[in-house]
Amino acid sequence: MNAIDFSHVSVVYSEHPVVRDVSFSVSDREWVSVVGPNGAGKSSLLKTLVGAVAYSGRVDLRGESATELRGRHRASVVAYVPQRSFFPPGMTVFDFVLLGRTPHMGPLASESRRDIDEVWEALEALHIERFASRDVATLSGGETQRVSLARVIAQRAPVLVLDEATASLDLSAQHEVLELIDALRSSHGITVVSAIHDLTAAAQFCDRVALLSGGELIGFGSPAEVLTEAVLREILEPSIRVIEVDGNPVIVSLRTQES
Amino acid sequence: MNAGRPAASRLHWWWIGGATVFLLISIVVGVMVGVFALSPGDIIRSVLSRLSWVELSTGLSEREEAILWQIRMPRVILGVLVGSMLSSAGAAYQGVFRNPLADPYLLGAGAGAGLGATLAIAYGPVAGSWIIDPLPLAAFVGAIGGVALAYVLGYSVRSGRTSVTLILAGVAIAAFLTALQTFVQQRESDTLREVYGWILGSLNTAGWSEVRLVLPYVVVSLSVVVASRRLLDVLSVGDVEASALGIQPVRIRMTVIAFATLGTAAVVAVSGLIGFVGIIVPHAIRLVTSVSYRVIVPLSVLFGGAFLVLADIIARTVLSPAEIPIGVVTALVGAPFFALVLRTSKGVVS
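Protein sequences, first through last, are from chains A and B. Residues 1 to 259 (this note's numbering) are what the first sequence spells out, left to right. Residues 260 to 609 (this note's numbering) are what the second sequence spells out, left to right.
It should be emphasised that the hints constitute simulated quantities derived from the structure, not laboratory data. Among these hints, one or two may not hold up.
As the list claims (entries may be wrong) - FRET-style restraints, in silico, Cβ to Cβ:
(1) B/Val280 x A/Asp28: 53 to 63 angstroms
(2) B/Met513 x A/Gly63: 51 to 61 angstroms
(3) A/Ser187 x B/Ile284: 47 to 57 angstroms
All residues carry an ideal CB built from backbone N, CA and C; glycine is no exception.
When you get a sec, could you build the whole thing from the sequences and use the hints?
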């Protein structure tokens, strides 16, 4: 069974189509990145997985239609990290991670011993136990992403959706967070779907990439197959070069020299 | 396995215990203080003697008994209900709108009640000529009507239905209703004093009938708001993330607003527009304890009641036998107190 099946998915915002007839599947425990220029429809496509946009076509999560998964049940299947999570000032890291337990609690219930233990495990998995009582609003960019990931771990959802979760980080923090996600993927058996701008990072960390342009799926497959110089020059920027370093494609944009 | 480590923000028993004791002390002081001072011992004896299984002579004269049970006690109990309701409704509004400036009157409950009351005073039948008093009824209907209008307007927006559009709708409705109210008030200037007095709020008409009138609304409303306290924490990360965490932000917001408004409308109907309580009590609690609504909401119920009883003592004693409008006291005493808390706290407001 696939973790995710997109089948002829379209998203339209007030008569303006942003995703057009996109179909592809993500296998269990796979990491697929959705890449493409700004406005390609990456975020909108990912939002269909968490019920944050209306769409036509069919989106299946582990065999169940995403529209039929509701509320807490859906949240126990798919976890979502937006580009910029909102970190309520004054809230402790522990309380923030505890929010991940929401789908496992009755609407009017309080947290149980088990919920508390799950939060500690999540904090330990990301080595941030010492932050437990810190104010989330005082954390650095890399630390906030760890806290977001801890919340996802506490949520115990088998599918993780990351919408540009590393876009605001510096190069080393981005790399560290992507490594963490990869480690969690193997240790917790999680399927990851991420929108990502950094094509080089996508090529290094992901099993497959889905390339979107103008809402349409231009290519889907291994990074080496999809991220070719010819395609990228056409949809992104004519000056793009794809260089191979240690067998990985490195995608750079070079300034055109006027002679 | 995690003994001794910091855990989730919890409502520690000593906070609840301390707040309850503070509330009880405020009630006793509220009943003691007045033109005829009563001793705390006499009050407690009189309360115990009312319990059928305790045989006790109260030591109070018939006149003192009447002052205690017919005048002071209903007024203090009503103060508790009004203060608890406005404070916890304020906390609830701040939670659902993720806005520290929200108060129970934000969506037009205050302006609607003001218009209703003004219409009743200006054009309504003379009090007592109807089976029911038209003033509280008009204020109640006005408060509910104001919020309902804001809701309809806020959700008639085709795109971008967010809590911000709802706030903007509330601001528009409140401005409109206040303008109507001012217009009526100016046209019927002989009612100015009465309207003005009502708007500033007072507990001086309180008898047991007012307590009986608002009690069911307050109990239901407080139950819903207190039960929703953890969901308010989930809402604090925003609608998209909250719904990804498995809750339905729009439905929760509507439910909490509906019940908070119901209770607010009921207490406003009998006490007028007492301001500031719904903002400063939850904020003072937030500054001293935690930003978690799991802590703020229950403590707002207890401290809000105590705060209003204490404010009412000042309102009726400082210029006795005249009364200062309680809305003036809540702001006059509340603002410096709040400033003090703000200065000495960790400084987390939003």
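*Is it true that methionine 513 of chain B and glycine 63 of chain A lie within 51 to 61 angstroms of each other by Cβ?*
Hint violated: Cβ distance 33 angstroms, outside 51 to 61 angstroms.
*Regarding valine 280 of chain B and aspartate 28 of chain A, is the given constraint of 53 to 63 angstroms on their beta-carbon distance met?*
holds (57 angstroms)
*Is it true that the C-beta distance of serine 187 of chain A to isoleucine 284 of chain B lies inside 47 to 57 angstroms, as the hint says?*
Cβ of serine 187 of chain A to Cβ of isoleucine 284 of chain B: about 55 angstroms, so the range 47 to 57 angstroms holds.
Of the numbered hints listed earlier, the single one contradicted by the structure is hint 2.
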